[in-house]
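Undergrad: Dock chain B against the given chain W, drawing on the hints supplied.
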Amino acid sequence: QVQLQESGPGLVKPSETLSLTCTVSGFSISSGYYWGWVRQPPGMGLEFIGSIYHLGNTYYSPSLGGRVTMSVDKSKNQFFLNLTSVTAADTAVYYCVREYYYADSGYPSDSWGQGTRVTVSS
Amino acid sequence: DIQMTQSPSSVSASVGDRVTITCRASQGINSWLVWYQHKPGKAPKLLIYGASKLQTGVPSRFTGSGFGRDFTLTINSLQPEDSATYYCQPANTFPRTLGQGTKVDIK
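Protein sequences, first through last, are from chains W and B.
Note that our numbering gives residue 45 to position 45 of the first sequence, counting from 1, and the numbers run on in steps of one.
Note that our numbering gives residue 2 to position 2 of the second sequence, counting from 1, and the numbers run on in steps of one.
Excised from the complex, chain W in its bound form (with noise of 0.2 angstroms):
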C-alpha cells in the first residue's frame, strides 16, 4: 500500500524559501502518473499548488505567481516543493499527494501524506 511522509522545517523566515520532500513508500514513482502538493492555510480551504508527472512535465498553480518549482528524485523515490520569496500567507499545513490514473475519469488524488505544518515567521 503507497504511503506518502511530508518533511521540512515547520519555520520558514519572509522572503525565504520554503522547501519540502515527500518520501514515497509501497509505490515506485517511476511506475508513472502525477505527483502533486495541495495546501490548507490556518481557517481556509484546500489549495492545489502543482503536480508533477513522473517524467517531469510540471504543472503550478498561476496563482502562486511563478514561485513555485517542483522535482523528482527517482532513486530515492521522493518528491519535492520549493516555494521562493515566502510571506505569511503561505503559512499553512502542507499535503504531498498521488494523483493516480482511473480510466475514464483523470488523475483524482487517491492517497495523501498526513501533512505537514509550516509557519512563515521571522
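Calculated from the structure, these hints are not laboratory results.
Please note that the accuracy of each hint is not assured.
Said to hold, decoys possible - Cut-off 27 angstroms, straight-line C-alpha distance, at most; resulting in silico cross-link-like pairs (DSSO-like, lysine-lysine):
| hint | chain 1 | residue 1 | chain 2 | residue 2 |
| --- | --- | --- | --- | --- |
| 1 | B | K45 | W | K74 |
| 2 | B | K45 | W | K76 |
| 3 | B | K107 | B | K42 |
As the list claims (entries may be wrong) - Pairwise CB distance ranges, derived in the manner of DEER restraints:
| hint | chain 1 | residue 1 | chain 2 | residue 2 | range |
| --- | --- | --- | --- | --- | --- |
| 4 | B | N76 | W | S31 | 30 to 40 angstroms |
| 5 | B | K42 | W | D104 | 20 to 30 angstroms |
| 6 | B | T63 | W | G10 | 32 to 42 angstroms |
We treat Cβ as the ideally placed atom computed from N, Cα and C, and that holds for glycine.
TA: Chain B in isolation, oriented as in the chain W frame:
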C-alpha cells in the same frame, strides 16, 4: 483556468437526513470530477471519482452524479462520522483548482 463553485458553504443537518452538495465548473469537464472528505487534523480522503464512482471502502450512502458543468454529492442517511468539509476538484485538467468547500455539521 476552470473555477469550481460549491454550494452551500455550510450545512447543518440531523442524523438520518439527506444532505446534498452541488459543484459547478466554469467550463465543461465531462465526468472528470472528484469529491474529497476532509476532517480536522486528518488527511483528506477520496470519496468519489469520475463524478459517480465510489472509491473502495467508502460507504454506499455517499453518491455522486453529474456531467459537464453541474455535479452533486449526496449523503443519504447522514451519520455522525460524516461531519467534515467536502471539496470537489476537476481530475483531468490543470490547474486542479478545488472548490471552496462545504462544511457539514451534525445538529
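Undergrad: All hints, please: hold or fail.
TA: Do the hints match the structure? See the list:
no.	hint	result
1	B:K45 - W:K74	holds, 26 angstroms
2	B:K45 - W:K76	holds, 26 angstroms
3	B:K107 - B:K42	holds, 22 angstroms
4	B:N76 - W:S31: 30 to 40 angstroms	holds, 36 angstroms
5	B:K42 - W:D104: 20 to 30 angstroms	holds, 29 angstroms
6	B:T63 - W:G10: 32 to 42 angstroms	holds, 39 angstroms
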